[in-house]
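> Residue numbers (this note's numbering), protein chains in the order written: chain Z, 1 to 317; chain U, 1 to 295; chain F, 1 to 329; chain D, 1 to 323.
Calculated from the structure, these hints are not laboratory results.
A few of these clues could be false.
To be verified - Straight-line Cα separation of at most 20 Å, SDA-like style, residue types lysine to any residue; simulated pairs:
#1 Lys10/Z with Arg27/U
#2 Lys17/D with Arg313/Z
#3 Lys180/U with Ala314/D
#4 Lys199/U with Met112/D
#5 Lys252/D with Glu197/F
#6 Lys235/Z with Pro267/Z
#7 Lys231/Z with Arg87/F
#8 Lys267/F with Ala314/D
#9 Lys308/Z with Arg87/F
#10 Lys20/U with His90/D
#11 Lys199/U with Lys17/D
#12 Lys231/Z with Gln18/F
#13 Lys17/D with Pro282/D
#14 Lys180/U with Pro207/U
#15 Lys199/U with Lys252/D
#16 Lys92/D with Gln197/U
#17 Lys20/U with Gln18/F
#18 Lys180/U with Asp100/D
#19 Lys201/F with Ser256/D
#20 Lys132/Z with Arg27/U
To be verified - One-sided excerpt, in silico: chain Z residues whose CB lies under 8 Å from chain U:
#21 Thr13
#22 Leu17
#23 Val21
#24 Gly33
#25 Phe77
#26 Tyr81
#27 Val144
#28 Phe146
#29 Ile148
#30 Leu157
#31 Ser158
#32 Val288
#33 Val289
Stated by the list, open to error - Simulated restraints, written as ranges between beta carbons of each label pair:
#34 Gly124/F with Ser175/Z: 30 to 36 Å
#35 Pro68/U with Gly164/Z: 25 to 31 Å
#36 Arg65/F with His281/D: 48 to 54 Å
#37 Ala314/D with Lys180/U: 55 to 61 Å
#38 Gln156/F with Phe201/Z: 39 to 45 Å
Small disclaimer: the values here were computed from a predicted structure and weren't measured.
Just so it is clear, CB atoms sit at the ideal spot from N, CA and C, and this is done for glycine as well.
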Amino acid sequence: MEMLQYALRKFITGIPLIIGVTLISFLLMVYFGPDKTYELVGKNATEEQIQEIRHQLGYDKPFVARYLEYLKELATFDFGYSDSTGERVNSILKRTVPISLALITPGFVLGNLLGIALALVAAYYRGHWLDKLIMGGSVVGMSVSFLIVIIAFQILLSSNDGLGWFPVRGWNVYSFWDYLRYITVPTLATVFVALGYNTRFYRAVIVEEMGRDHVRTAKAFGTPPGELLFKHILKNAMIPIITRIMFSIPLVVISGSLLVESYFGIPGVGKVTFDAITTGDQPILKAVVGITAVLFVIVLILNDIFYKLVDPRVSLK
Amino acid sequence: MNTLAEETSLPKESESLWGKAWYKFRRDRTGMIALGVVIFFMFIALGVWAGLWGSGWSNVGGDMWAGPSPEHWLGTNIIGQDIYSRAIYSTKTAFEVGMVVAILSTILGGILGALSGYFTNSWVDELILWLMGVLDSIPFYLFVAAIAYALQGYPYSMHIAMIATFWTTTARLVRGEVIKLKNFEFVEAARAIGLPQGKIIFRHIMPNTFHILLVQATIVFVGAIKSEVILSFLGLGVVDGVSWGLMIAESTQEVQAGHYSNFLTASTFLFVLVMAFNMFSDSLQDALDPKKVSA
Amino acid sequence: MTQPLLSVKDLVIEFSTQRGIVRAIDGVTFDIMPGETLGLVGESGCGKSVTSLAILGLIPSPPGRIVSGSIKLEGRELVGLSESDYRHIRGKEISMIFQEPMTALNPVFTIATQMTDVLMRHQGMTRKQARNRAIEMLALVGIPSPQKRIDEYPHQMSGGMRQRVMIGMALSCNPKLLLADEPTTALDVTTQAQVLEQMVKLQDELGTSVVLVTHDLGVVAQSCSRAVVMYAGRIAEESAIQPLFQAPRHPYSEGLLKSIPRIREEKLDELPTIPGTVPDLLHLPAGCRFVDRCYKADAACHQQEPPLEWQNNQAVACYHPNPAAGSNA
Amino acid sequence: MSTLLEVKNLKKHFPIKGGFFRHVVGQLKAVDDVSFTIPKGHTFGLVGESGCGKSTLGRAILRLHEPTGGEIRLGGTDITSLNRKELVAHRKDMQIIFQDPYASLSPRRTVMQTLLEPLEIHRIGDAASRKKKVLELLDIVGMRANVLHRYPHEFSGGQRQRIGIARALTLDPKFIVADEAVSALDVSVQSQVLNLIARLQRELHISFLFISHDLAVVQHISHQIGVMYLGKLVEIASSTDLYRKPLHPYTKALLSAIPMPDPDTKSDRTILQGDVPSPLHPPSGCPFRTRCPDAMPVCEEAMPELKNLNENGASHEVACYLY
């Protein structure tokens with residue numbers, strides 16, 4: 001009950017954020033965005049026809065009314081029909097989001113788990129050659145552009161000039177085996193790029209926790225190194241680690257999948273978004289922006305609840 | 001009236017915290033090498049800017065996909081342009097994007113972060129925090145596209161989009177530091193002598209965040225160059241001229257045909273610069289860390 | 001004569017810093033007898049905390065390093081002991097409590113978890129046995145309703161309570177030696193009095209030897225039987241408590257004692273002071289390291305560091321020591 | 001002997017936010033109805049344990065924290081009623097010395113810049129006379145002119161504290177708040193700084209409010225001492241009276257809790273039980289009653305008033321139902 005009340009309050013405080021995101025995006029993309037009238041009217045249209053189209057598009061209504069309409073769409077989760085295909089936006093999302101999740105999840109999970117593991121090793125052997133090797137590797141990982149990694153991995157693993165083990169592009173998934181074949185190269189590329197940043201961040205967090213007074217106390221009471229690292233240090237380090245993971249979720253789902261999907265031609269939400277950007281398909285863009293904002297607020301709430309679970313000092317009151 | 005003049009054994013030269021940091025940085029071999037590489041790239045960029053080299057980047061002079069030759073050191077691309085010149089010229093583009101975005105977003109982040117940190121629990125802070133939250137919640141590529149729509153093909157919409165989103169990280173860091181600093185007693189001392197708020201913020205507090213701003217500027221620089229590549233590839237980035245991102249975008253068709261020169265050249269330039277900058281940034285951070293400097 | 005419980009001999013510890021190698025401890029020698037409370041006194045940077053950390057093998061390395069010397073616990077050499085062997089000593093034979101009660105306990109575990117872990121590890125107890133023993137210890141250090149409070153987290157307790165928990169935890173395995181590093185410095189006076197009294201009482205009951213590291217001469221006078229006064233990494237004076245406070249032999253101990261403000265009826269206009277400041281360990285003066293601040297310094301003091309010399313259970317490292325208590329010189 | 005500072009019923013309350021909409025649900029009474037006076041050229045010592053509100057009181061007097069209520073008169077001027085501009089002008093008369101010599105100086109400014117700033121802000125003198133003033137101040141606090149272009153990190157704690165004192169003196173104040181000014185220093189340096197403050201007070205006739213948790217230090221330096229507990233002054237006495245016949249049970253406990261640097265006076269101490277209650281939920285009536293060995297039923301009802309028990313001679317005020 002306390003939790004529910006807390007979540008509710010948090011959601012209310014999150015409303016200004018949703019309004020801000022939708023307002024700015026709406027202003028830029030729709031209000032100042034491309035005028036669709038002339039794409040829809042035929043040649044030599046009469047003035048009435050043009051007015052008719054403008055009316056259909058809602059261009060003749062005042063800004064506030066149009067924006068409120070958008071908020072209503074977001075609240076009822078009904079974004080109308082795509083400008084370019086005429087398909088319902090909801091059904092597009094229903095089709096593409098699962099593909100994106102299936103594509104992005106393995107790399108996301110692996111990138112974070114491996115990052116934490118490498119960070120633990122590096123922090124434990126701080127100053128040792130192993131630490132220097134891992135940290136050197138992570139700087140290299142951070143310095144290679146995601147785009148280059150994708151292209152290079154595709155050449156090396158998928159193309160005929162390379163090993164040719166995996167499909168070059170597309171998404172013809174009918175079995176688990178197909179699934180594995182299609183996600184391997186994108187996943188490897190995602191992990192490669194995420195690992196550099198993650199390892200570095202997590203190592204810094206763990207090293208900071210290692211310097212705490214209570215760690216010295218635990219040592220002074222004969223705590224063995226494994227217990228020290230996995231019990232005393234890691235539990236305290238979980239707070240910043242969880243925050244980072246949680247807050248990267250909304251970004252990874254949209255931005256992370258956009259490049260991979262458009263490069264590999266995978267019909268996920270990222271590809272749909274990219275296509276919507278190039279064609280100016282406003283209903284889809286409005287849906288994506290609105291949903292991301294809501295996702296952010298949800299993440300904000302979940303993150304605080306996680307805090308509570310890990311850190312007894314945090315009170316939800 | 002005093003009799004107890006204290007014997008103070010001070011080193012001969014007075015040394016500011018910057019002096020100490022520079023002394024420390026100079027002894028960091030990795031950092032110095034990285035700085036050397038960055039300066040070398042900057043030299044290339046300045047040369048392009050002065051018209052000394054790279055001016056032939058758009059000439060359609062040779063055969064398509066020619067191999068390396070004395071005229072075209074790294075061969076030519078699909079329409080016979082010299083890859084070497086294009087990569088050199090792109091260095092200028094990269095520095096332009098990096099510098100503009102790094103400098104402006106750092107200034108913006110520094111000022112807004114300082115204001116929000118100094119005026120915590122007031123509407124100023126609330127407003128800036130809200131703005132940061134909003135900008136962080138809009139998917140980056142969508143935001144770039146939105147700005148591009150709104151500015152209708154204005155060539156700097158990518159720069160504006162990056163500045164508008166990259167300042168938030170800097171601002172958050174500065175805000176945190178300012179919240180810490182404003183509770184330091186030297187700030188209370190400044191208030192006690194009657195210093196106006198503006199002077200307290202800009203004369204006493206801000207200078208103590210410069211180390212964060214400097215490191216953050218290098219991080220933003222790298223971020224801007226890397227984003228430019230992806231945005232240009234997606235068709236949202238550099239419109240006029242050439243950049244490593246555009247070269248890689250061109251090369252995606254070429255690599256399928258087995259021509260790697262364009263791809264490898266642009267990738268290598270990009271990688272070396274970004275790597276050097278990252279290492280430089282690391283060493284800078286070590287040297288500027290106030291905890292380590294005062295030790 | 002009884003054997004010392006712990007004997008530190010010619011200990012030298014160095015730290016490598018940005019500006020060069022700092023010799024934080026330079027030839028420190030002292031013994032701790034069973035059941036006694038030894039005060040380790042000095043100002044910041046004198047090496048008192050480093051010494052106590054070195055006894056438990058907790059000098060962070062790098063940058064720290066024991067260069068030479070020995071630390072023997074009942075004849076057993078601790079310097080160079082492997083980490084895994086040291087683990088069986090820490091918390092079991094030698095325990096330590098720290099200055100900051102607010103940060104010394106792990107914030108995300110309950111008192112019960114932290115105390116039972118130690119007992120299970122060192123005494124081979126089951127969780128249930130360990131819990132009972134922990135509650136017993138909490139009652140012993142004066143925590144009201146320990147059955148209830150043992151399941152609290154550190155942040156739910158006051159500073160004084162947390163320091164009691166630390167003491168209880170440190171004594172739970174019946175260690176032979178307790179190292180207390182400024183245990184009451186972070187506490188308020190009234191709380192400090194409570195905690196000190198509790199510590200002295202427990203030590204009497206359990207017969208544990210205590211090394212009390214502190215800058216506060218009042219605390220030393222009230223709780224120790226013997227004290228080692230340190231200055232800039234070396235021992236200036238070692239003495240039983242009574243003679244040290246009645247007739248300090250080293251000019252540094254003398255100056256220190258005189259310069260503390262005391263509650264007095266008559267007000268002094270000026271406090272006696274020691275001029276100057278503690279020297280930077282990287283730029284020590286030649287000869288005696290106290291020479292720049294000493295009113296007795298002469299040419300000899302600038303030449304060579306004075307050795308620690310014993311006379312009737314009172315040792316002093318000075319060429320011109322004050323006469324010992326009771327002597328007519 | 002004329003009064004320089006008069007504090008009357010001073011209050012500083014901090015709002016506590018809570019509940020569903022983070023509205024104000026209560027008040028933390030950091031300083032609650034405190035009154036005292038400091039004569040010209042005297043040092044008033046304020047002693048109490050952490051969280052008792054002594055630092056807040058010092059800052060509220062200087063209006064570094066806006067007081068919630070009450071009156072502060074400095075040399076006849078009502079400080080509480082000044083507007084922002086008038087306050088800036090009056091800052092000349094009242095200054096502060098801080099506890100932490102590492103945090104109290106702006107790290108990226110030289111000693112010269114730090115010491116010149118107050119003179120520049122208040123437009124006192126020209127460049128030459130300002131420089132002369134700065135050199136004079138350095139001499140007063142016992143430092144040489146060669147430190148002018150140095151940065152704070154180049155000094156030791158004691159030296160920084162001297163610079164902090166010099167800064168407080170630049171505007172020739174009549175009144176200085178010394179907030180735990182020697183607490184962070186080592187014993188040998190502490191006595192040097194205490195002597196410096198005592199000399200300033202004697203020779204420049206500056207009044208000090210000397211705040212410290214250390215009763216021995218306060219007793220050494222002050223003419224009069226106020227003992228504070230949970231936001232309230234419970235006893236005000238001359239420093240000799242406080243030593244000779246402490247009246248309030250809390251003062252007695254404080255005195256007996258000090259570990260004396262003398263092994264022969266192993267006092268039979270009255271050790272207080274329990275902890276200071278949270279200032280968020282102070283006990284009703286007298287705040288000390290929960291730990292007081294002499295608590296009576298009447299103590300629960302209302303806070304006893306401060307009353308003067310010395311009819312003739314220096315006043316000795318105590319707030320306790322025992323008297």
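> Next step is simple, just say for each hint if it's right about the structure.
Now for the hints, and whether the structure bears them out:
1. Lys10/Z with Arg27/U: violated (50 Å)
2. Lys17/D with Arg313/Z: holds (18 Å)
3. Lys180/U with Ala314/D: violated (44 Å)
4. Lys199/U with Met112/D: holds (17 Å)
5. Lys252/D with Glu197/F: Between lysine 252/D and glutamate 197/F the Cα gap is close to 18 Å, so the pair holds against 20 Å.
6. Lys235/Z with Pro267/Z: Violated. Lysine 235/Z to proline 267/Z sits at ~39 Å, over the 20 Å cutoff.
7. Lys231/Z with Arg87/F: holds (17 Å)
8. Lys267/F with Ala314/D: holds (16 Å)
9. Lys308/Z with Arg87/F: The hint is violated at about 33 Å.
10. Lys20/U with His90/D: Given that 20 Å is the threshold and the Cα spacing comes to 39 Å, the pair is violated.
11. Lys199/U with Lys17/D: Violated: lysine 199/U and lysine 17/D sit about 31 Å apart, past 20 Å.
12. Lys231/Z with Gln18/F: violated (33 Å)
13. Lys17/D with Pro282/D: holds (17 Å)
14. Lys180/U with Pro207/U: holds (14 Å)
15. Lys199/U with Lys252/D: violated (47 Å)
16. Lys92/D with Gln197/U: holds (17 Å)
17. Lys20/U with Gln18/F: holds (11 Å)
18. Lys180/U with Asp100/D: Holds. Lysine 180/U to aspartate 100/D sits at ~15 Å (cutoff 20 Å).
19. Lys201/F with Ser256/D: holds (18 Å)
20. Lys132/Z with Arg27/U: holds (18 Å)
21. Thr13: This hint is violated: threonine 13/Z lies away from chain U, its Cβ roughly 10 Å from the closest one there, beyond 8 Å.
22. Leu17: For leucine 17/Z, the interface hint holds, since the closest Cβ of chain U sits about 5 Å away, which is under 8 Å.
23. Val21: holds (5 Å)
24. Gly33: holds (4 Å)
25. Phe77: At 18 Å from the nearest chain U Cβ, phenylalanine 77/Z fails the 8 Å test, so the hint is violated.
26. Tyr81: violated (20 Å)
27. Val144: holds (6 Å)
28. Phe146: holds (7 Å)
29. Ile148: holds (5 Å)
30. Leu157: violated (13 Å)
31. Ser158: With Cβ-Cβ at 11 Å, over 8 Å, it is violated.
32. Val288: holds (7 Å)
33. Val289: Valine 289/Z check passes; min Cβ-Cβ to chain U is 6 Å, inside 8 Å.
34. Gly124/F with Ser175/Z: 30 to 36 Å: Distance hint for glycine 124/F, serine 175/Z is violated at roughly 54 Å.
35. Pro68/U with Gly164/Z: 25 to 31 Å: Given range 25 to 31 Å: holds, Cβ gap about 27 Å.
36. Arg65/F with His281/D: 48 to 54 Å: Given about 51 Å between the Cβ atoms, the range holds.
37. Ala314/D with Lys180/U: 55 to 61 Å: Taking Cβ atoms as reference, alanine 314/D and lysine 180/U lie about 44 Å apart, which means the hint is violated.
38. Gln156/F with Phe201/Z: 39 to 45 Å: violated (31 Å)
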